[in-house]
Amino acid sequence: MKLRIDYNNMLTHTIGDEGITQATLDSLSPAILAANKNMEEKRKAGKMAWRDLPYNQNEIVEDILNYVNEMKGQIEAFVVLGIGGSALGPMAVQQALNHPYYNELPREKRGGFPKLYVVDNVDPERLVYLFQTIDPTKCLFNVISKSGSTSETMSQFMIIKQQLEEKIGIEAARKLIVCTTDAVTGNLITIAKQEGYKHFYIPSAVGGRFSELTPVGLLPAAFCGLDIKGLLEGAAEMDKMCEASNIYKNAAHMYALLHYIGMTTGKNISVMMPYADALKYISDWYAQLWAESLGKQFDVNGKTVNVGQTPVKALGVTDQHSQVQLYAEGPFDKIIVFLGVDEYRETITIPKTYGDMPSLGFLGGVTHNNLIQTEQAATEYALTKANRMNMTITLPKVTPQTLGQLLYFFEVATAYAGELLNIDAFDQPGVEEGKNATYAMFGRPGYDTKKAEMDAAPAKADRYII
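Start counting the sequence shown at 0; every next residue gets the next number (numbering that gives the first Met the number 0).
Derived by calculation from the structure, the hints in this document are not laboratory data.
Misleading hints may appear alongside valid ones.
Label-pair restraints from in silico Cβ distances [stated by the list, open to error]:
1) Ser26 - Tyr463: 43 to 53 Å
2) Leu362 - Lys248: 38 to 48 Å
3) Pro105 - Val304: 53 to 63 Å
4) Lys396 - Val60: 16 to 26 Å
5) Leu64 - Asp454: 46 to 56 Å
6) Val304 - Gly442: 29 to 39 Å
7) Glu107 - Thr263: 51 to 61 Å
8) Thr263 - Pro457: 12 to 22 Å
Here are the simulated EDC-like cross-link-like pairs (lysine to aspartate or glutamate), alpha carbons at most 16 Å apart as the crow flies [stated by the list, open to error]:
9) Lys41 - Asp423
10) Lys174 - Asp134
11) Lys197 - Glu61
12) Lys312 - Glu342
13) Lys160 - Glu194
14) Lys137 - Glu69
15) Lys396 - Glu342
16) Lys1 - Glu236
17) Lys228 - Glu58
18) Lys312 - Asp276
Computed from a predicted structure; not experimentally measured.
Just so it is clear, CB atoms sit at the ideal spot from N, CA and C, and this is done for glycine as well.
Start from the sequences and build out the full structure, keeping to the hints where you can.
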């Protein structure tokens, strides 16, 4: 089984002048060749280490599975402390592959695996309410930070470490903390080794938003009983599909090219709209991947370009009743990506209850499976009729293999879009500025210059505060 992409509704033969012509695609051959070459060279030079993840983690996977078997019977919940890709990836995979009410199921229906909680914010209510929900002394806390200086995650860790040590002592607390971090540098690996915490490594050349197929995502997935080998197998399958130099045979490259053309013609919003609740949080994960990778002020030559495309999350059919009005009749500034499935894992049929009411009777005997797929097709038709750019990605069924394909597909597409835009898709200077300002405001050593810069900024005028 493999995913497929249908981009007919991006082209002029379906949406008229708002679409892309064959001549436009052909005219970009030099840019495509250059992007292909750059991708190949960067991979050979080890600058895209995330592309090797489907092949080089056999020992890591075995270590993870052995650790899960050792610990799962000793804990009631597995709690992820992370932010960005460290949280979005585990949530997306859990939602996609497990029962949607996984935490509410009795333990035996979870296969003996613990509940999963992901704590990805520092709203003061978040941890307090978590502690009212779980017994921390019966949980395993996974601290995920490559640098070990992520303020949000490390502050959560320090709070939990203190609570555990006060309640059960240092020795017992040590067994309830596992770290996922860089192998060599940063605070967290130093702490993990000093304190004797079990730890897993994030490859140094793999950035956070590309790390779901490392222990960042594999460890939480395994603790929820998911097939992490299948995820990697699916990613490997997609990697083979992405080797094609012909753009018409390489779905990830074509996805990037179409969005690149869209960006050059004012389509600065990318809407991800799954028609499966299982894929709902793929939109959240994709939003970070696409926004943080492609939103850049400068190109690789230092030229100011201010490029990027704003990702928007939607859910079919829910957001047909909230957002589609804008997509159909608002500005021509969006590309809508439908994310569908051929086969749902369950089937439910609508009873033939109100046959004497034509406005309801037609639903009798119809499955919800058919209803949601029909509504997806109808929304696609309505947007196409309105000459709005849209395309569809379809998974035959949501499985570990097809989900692995999908995650890897978006990663390759993102990197390829970066090459077409001539920007560095793997840095995030805009994020770092906010982090540095936070450090300066708290008086962290080494940030005196930033603090002075902030102090010199114009003060807010009271007249503009109501």
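Problem - Hint check, failures only - result: As far as the earlier hints go, 8 and 12 are violated by this structure, in ascending order.
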